[in-house]
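*Asks:* According to our numbering, the sequence shown is numbered sequentially starting from 824.
Honestly, I wouldn't trust all of these hints.
To be verified - Computed list of lysine-lysine pairs in BS3-like fashion (alpha-carbon distance at most 25 Å, straight line):
#1 LYS911 - LYS878
#2 LYS1037 - LYS942
#3 LYS1036 - LYS962
#4 LYS942 - LYS911
#5 LYS1009 - LYS1114
#6 LYS911 - LYS874
#7 LYS878 - LYS962
#8 LYS962 - LYS874
#9 LYS1125 - LYS1114
#10 LYS1125 - LYS1029
#11 LYS942 - LYS1036
#12 LYS1029 - LYS962
#13 LYS1156 - LYS1029
#14 LYS942 - LYS1029
Stated by the list, open to error - Derived DEER-like restraints, expressed as beta-carbon distance ranges:
#15 PHE877 - SER1088: 40 to 48 Å
#16 CYS1124 - LYS1036: 24 to 32 Å
#17 THR1166 - ALA996: 26 to 34 Å
Keep in mind the hints are simulated off the structure, nothing from the lab. No residue lacks a Cβ here, since even glycine has one placed at the ideal position from N, Cα and C.
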Amino acid sequence: MCVDYTDLNKVCPKDSYPLPSIDRLSSNSKGGGAGIILEGPNQVTLEQSLKFSFKVTNNQAEYEALLAGLRLARELGARRVSCNSDSKLMISSFDEFTIQHVPREQNARADLLSKLASKFFLVAINYFTKWIEACPLAKITTENVQRFTWRNIVCRFGIPHTLVTDNGRQFIAQGFEDFLHDLGIKHLPTSMEHPQTNGQAEAANKVILRELKKRLGNAKGQWADELPSIFWAYHCTPQSTTQETPYKLTYGADAMILVEVGETSHRRQAFNSEQNAQELTTDLDLVDELKEEAEIHEEACKLRDSKRYNTRVRPLSFRVGNLVWRLLGEAQKDTSDGKLAPTWGGPF
824 MCVDYTDLNK VCPKDSYPLP SIDRLSSNSK GGGAGIILEG PNQVTLEQSL KFSFKVTNNQ
884 AEYEALLAGL RLARELGARR VSCNSDSKLM ISSFDEFTIQ HVPREQNARA DLLSKLASKF
944 FLVAINYFTK WIEACPLAKI TTENVQRFTW RNIVCRFGIP HTLVTDNGRQ FIAQGFEDFL
1004 HDLGIKHLPT SMEHPQTNGQ AEAANKVILR ELKKRLGNAK GQWADELPSI FWAYHCTPQS
1064 TTQETPYKLT YGADAMILVE VGETSHRRQA FNSEQNAQEL TTDLDLVDEL KEEAEIHEEA
1124 CKLRDSKRYN TRVRPLSFRV GNLVWRLLGE AQKDTSDGKL APTWGGPF
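Take the sequences, apply the hints, and build the full model.
*Replies:* In structure tokens, the structure reads:
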């Protein structure tokens, strides 16, 4: 078994505050739930209950509870963690295990194997701010799409008003429709006759693919490692339409670039935590005004592009008997030609 120890080590970062014991209870008798008990020093006890949105067996619930407990311990800053479980199957799987840091150059084989599981990436983009959320996946299933929507969109930015998707089976499945209906999200699948409705996501795909080709070279299997740096560069780059960065339109303030982290800057030298918290609150109050200004820039940019395009249009009128080319829809194309199928048919 090959395990990426570097990633596992990140689950348990070092800190001075210990939480010595984690107990967890899980059961599938009430629709897939789990309970986590964190026992810390000075008899401090924290409890958390989980409700799974997917069907799990008792053993699967035990493993999910273990991972959830480790995530919770990490958020609380635990340094020393002892895990206890009432699942004999999970406890008897290993006699002893340790987690230790392995240098990246010595873990190339496990990294390569871990990347084989990521063959797709799911992309969501905010129509106005152009903020991109994406996740590498091994399979594009309804369950994975629901999990992505919940973790990357709802939990981070709230419940959106409308979600536009293509007509993939994972998006039009009844389970996903019920999931969006329960959250009050309006679902708009794109029309087969007008797939440009989902053009924002397609444009985001082009940006990601273009940057991946530049960075990877021949090492195509390591594309998942490059996604965070690509998104960081994109989110901190002003857009030509809004004249603002997606990061600022989302959070109301500019991000600290990597150069400021390594080099001394006035913002770091004069940092005050209380004042910074107040300023962040003020920025969030003013983000609506910032979005209004960006919307004005966007409309002006669209008008300029429309005017430039219309100047190149030559007026043309048709007469009876003229031969014309007809635009072929997806249903009229020859499927045997794939993407090389002609777009126009005729002349007629």
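*Asks:* Please go over all the hints and tell whether each is borne out by the structure.
*Replies:* Here is how each hint holds up against the structure:
1. LYS911 - LYS878: 21 Å, holds
2. LYS1037 - LYS942: Since the Cα atoms of LYS1037 and LYS942 sit roughly 19 Å apart, the hinted pair holds (cutoff 25 Å).
3. LYS1036 - LYS962: This hinted pair holds, its Cα atoms lying about 22 Å apart.
4. LYS942 - LYS911: 34 Å, violated
5. LYS1009 - LYS1114: 23 Å, holds
6. LYS911 - LYS874: Cα-Cα ~22 Å, so holds.
7. LYS878 - LYS962: Judged against 25 Å, a Cα distance of about 18 Å means the pair holds.
8. LYS962 - LYS874: Status holds; Cα separation ~23 Å.
9. LYS1125 - LYS1114: 16 Å, holds
10. LYS1125 - LYS1029: Judged against 25 Å, a Cα distance of about 20 Å means the pair holds.
11. LYS942 - LYS1036: 15 Å, holds
12. LYS1029 - LYS962: 20 Å, holds
13. LYS1156 - LYS1029: 24 Å, holds
14. LYS942 - LYS1029: Holds: LYS942 and LYS1029 sit about 17 Å apart, inside 25 Å.
15. PHE877 - SER1088: 40 to 48 Å: Holds: the Cβ-Cβ distance is about 46 Å, inside 40 to 48 Å.
16. CYS1124 - LYS1036: 24 to 32 Å: 27 Å, holds
17. THR1166 - ALA996: 26 to 34 Å: 30 Å, holds
The structure is inconsistent with hint 4 alone, although it conforms to all the rest.
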